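S.K.: If you want the building blocks of each chain, they are given just below.
Number of protein chains: 2
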Amino acid sequence: MAETRLGPGREFDAIRALVARWGARARGIGDDAAVLDVPDGEQLVVSTDVSVEHVHFRREWLTAGEIGWRATVAAASDLAAMAATPIGILTALTVPPSWRGELPAIGVGIGEAAERVGAAIVGGDLSDGDVLSLAVTVLGCSRRPLRRSGAKPGDALWVTGAFGGPGRAVRDWLALRTPLAEASLRFARPSARIAHARWLAERGATACIDISDGLVADLGHLAAASEVRVEVALDALPCVADVSRLDAAVSGEEYELAVTAPADLDVGAFELAFGIPLTRLGVVTAGDPGVAVTLEGSRVELTGGYDHFSL
Amino acid sequence: MAETRLGPGREFDAIRALVARWGARARGIGDDAAVLDVPDGEQLVVSTDVSVEHVHFRREWLTAGEIGWRATVAAASDLAAMAATPIGILTALTVPPSWRGELPAIGVGIGEAAERVGAAIVGGDLSDGDVLSLAVTVLGCSRRPLRRSGAKPGDALWVTGAFGGPGRAVRDWLALRTPLAEASLRFARPSARIAHARWLAERGATACIDISDGLVADLGHLAAASEVRVEVALDALPCVADVSRLDAAVSGEEYELAVTAPADLDVGAFELAFGIPLTRLGVVTAGDPGVAVTLEGSRVELTGGYDHFSL
Numbered sequence: 001m002a003e004t005r006l007g008p009g010r011e012f013d014a015i016r017a018l019v020a021r022w023g024a025r026a027r028g029i030g031d032d033a034a035v036l037d038v039p040d041g042e043q044l045v046v047s048t049d050v051s052v053e054h055v056h057f058r059r060e061w062l063t064a065g066e067i068g069w070r071a072t073v074a075a076a077s078d079l080a081a082m083a084a085t086p087i088g089i090l091t092a093l094t095v096p097p098s099w100r101g102e103l104p105a106i107g108v109g110i111g112e113a114a115e116r117v118g119a120a121i122v123g124g125d126l127s128d129g130d131v132l133s134l135a136v137t138v139l140g141c142s143r144r145p146l147r148r149s150g151a152k153p154g155d156a157l158w159v160t161g162a163f164g165g166p167g168r169a170v171r172d173w174l175a176l177r178t179p180l181a182e183a184s185l186r187f188a189r190p191s192a193r194i195a196h197a198r199w200l201a202e203r204g205a206t207a208c209i210d211i212s213d214g215l216v217a218d219l220g221h222l223a224a225a226s227e228v229r230v231e232v233a234l235d236a237l238p239c240v241a242d243v244s245r246l247d248a249a250v251s252g253e254e255y256e257l258a259v260t261a262p263a264d265l266d267v268g269a270f271e272l273a274f275g276i277p278l279t280r281l282g283v284v285t286a287g288d289p290g291v292a293v294t295l296e297g298s299r300v301e302l303t304g305g306y307d308h309f310s311l
Numbered sequence: 001m002a003e004t005r006l007g008p009g010r011e012f013d014a015i016r017a018l019v020a021r022w023g024a025r026a027r028g029i030g031d032d033a034a035v036l037d038v039p040d041g042e043q044l045v046v047s048t049d050v051s052v053e054h055v056h057f058r059r060e061w062l063t064a065g066e067i068g069w070r071a072t073v074a075a076a077s078d079l080a081a082m083a084a085t086p087i088g089i090l091t092a093l094t095v096p097p098s099w100r101g102e103l104p105a106i107g108v109g110i111g112e113a114a115e116r117v118g119a120a121i122v123g124g125d126l127s128d129g130d131v132l133s134l135a136v137t138v139l140g141c142s143r144r145p146l147r148r149s150g151a152k153p154g155d156a157l158w159v160t161g162a163f164g165g166p167g168r169a170v171r172d173w174l175a176l177r178t179p180l181a182e183a184s185l186r187f188a189r190p191s192a193r194i195a196h197a198r199w200l201a202e203r204g205a206t207a208c209i210d211i212s213d214g215l216v217a218d219l220g221h222l223a224a225a226s227e228v229r230v231e232v233a234l235d236a237l238p239c240v241a242d243v244s245r246l247d248a249a250v251s252g253e254e255y256e257l258a259v260t261a262p263a264d265l266d267v268g269a270f271e272l273a274f275g276i277p278l279t280r281l282g283v284v285t286a287g288d289p290g291v292a293v294t295l296e297g298s299r300v301e302l303t304g305g306y307d308h309f310s311l
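First to last, the protein sequences are chains D and V. Quick note on numbering: my numbering labels position 184 of the first sequence as 184, and the sequence is numbered without any gaps. Quick note on numbering: my numbering labels position 267 of the second sequence as 267, and the sequence is numbered without any gaps.
Among the hints, a few may not be true.
Partial selection, computed: residues in chain D whose CB lies under 10 Å from chain V [stated by the list, open to error]:
| id | residue |
| --- | --- |
| 1 | Glu-11 |
| 2 | Ala-135 |
| 3 | Ala-156 |
| 4 | Glu-271 |
| 5 | Ala-273 |
| 6 | Phe-274 |
Over 12 Å on every C-beta distance to chain V, these chain D residues come out as not near it, computed from the model [unchecked claim]:
| id | residue |
| --- | --- |
| 7 | Asp-49 |
| 8 | Glu-102 |
| 9 | Cys-141 |
| 10 | Arg-189 |
| 11 | Leu-272 |
Just so you know, these hints were derived from the structure itself, not from any lab. A quick note: this is a predicted structure, and the numbers were derived from the prediction, not measured. The C-beta atom is built at its ideal place from N, Cα and C for all residues, glycine as well.
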């Protein structure tokens, strides 16, 4: 489709520059709204996610490109948690004067992340404001969305990837230490586990959540939604270098998946396909709804988590 | 559908309170993403719009409920401009501590506006931040979306409603005067012209834009997109009380529609159906793309407009 020509004005100049950088990845920008096709027989799946300077990140922690990448992947990760396929992204950006020079680089990061998750950039809004903020909406589709509420007693609990990187990076930055690259990259360049979720859904996954508030906190949401008890043994939890399992279990913004599924998933096939671990961490039972966590056979209470609203 | 149960935490308490206020208007909140059906044979139409304190409004101008209403209607108005029917709304809210007590009232305004435009509230995000910001995404569907780019030489130019209220209200507030209620209500409680756009689309409208940057500025976007010349005579422009036609022509955030359509629309039927004026203001020609404005037979240059990015 030919692009709609934009009229004059400084806001539109900025949008034109972004669209030029996005190239074929941007589609149909310039109308009042974007038009997308949802394949027959599929449902629309949609989520919105806001990343705010000083709340979700600090300027000295990330490059402008990483800020754009991270906000986009964070939003797409919610679609991964539903086993949906992203089709389109909208970005509502609030850009203070001190950030305007970085807008093209932020746009590059958004574009790279859109490319990675397989979605077109189909619209957005641009505003002045006192603080940099990126509200990213991701649209996708699915023939059978995977919900938080489907976990059943008898399911096993699985997680993708290795945990603790983002929490460790933020702790180091706050202490004015330089984090190890493994940790800082997990914060700055997270991945949305989209194909991974579809793989799991096709093999009988019953419920899924992406880890944004911390593994234990998010399992609490899954347990509440499914009205089940999730029993987690942290012993096997894969952690990035120099992070304890207890710290890894409360590290937020991992964007890994926690999935309830059959106990006999083919771990080797998953790891061969995706190059990251798939680890069985526990079981779902019919006990009191909630999460019970153990480490080395002892019950541990982890109340931490990443509650942005109380920062 | 039963609501998904939310887990513990202060952010979730705030979301629970909002969802409780929205009642049946909120649907499927609590999963990672919302699931919606797009009717077979229709396309998905989607737009996002951000409203930021100090940029789009000031606290002393609006009640909390009006802030929520206005942000929601502004986003829905972009769907009206495509002659699309809203089906779902997502709200990404950044709420500083000084605004938290007002969050329920903001939610009431969002819910009232969602009710008015006929959409469910299907998701959102809530973050701390230094300034109140509402990023609202509206999803809709249409069998044949109306675009900015369809205007053809020979079409007539039409506008809905009466202009100048928002511009006048903002000027008065900035000068510490109390605006007339007619003007301030047009700013605080705008309407999205959704049914109006469908009426026009069914009667041969070729292109449409909603007036957010100001009538003349937005016609510039329509003219650029359609590669046509739009000749506008402001003489007939309906204005709210105490506003000149020149001021009305550059007043932003009107959320009225400018439409290119046949010259013989049944104005009486429109006005009977909707209770607002439908006014023929000019013609589309094959001249140099752009907008030519006259008042009382003389050419006028109106370069003003509402370019948030340059405030």
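S.K.: Each hint should be assessed against the structure and marked as holding or not.
M.R.: Going through the hints against the structure:
| no. | hint | result |
| --- | --- | --- |
| 1 | Glu-11 | 4 Å, holds |
| 2 | Ala-135 | 3 Å, holds |
| 3 | Ala-156 | 20 Å, violated |
| 4 | Glu-271 | 24 Å, violated |
| 5 | Ala-273 | 22 Å, violated |
| 6 | Phe-274 | 20 Å, violated |
| 7 | Asp-49 | 5 Å, violated |
| 8 | Glu-102 | 15 Å, holds |
| 9 | Cys-141 | 9 Å, violated |
| 10 | Arg-189 | 21 Å, holds |
| 11 | Leu-272 | 27 Å, holds |
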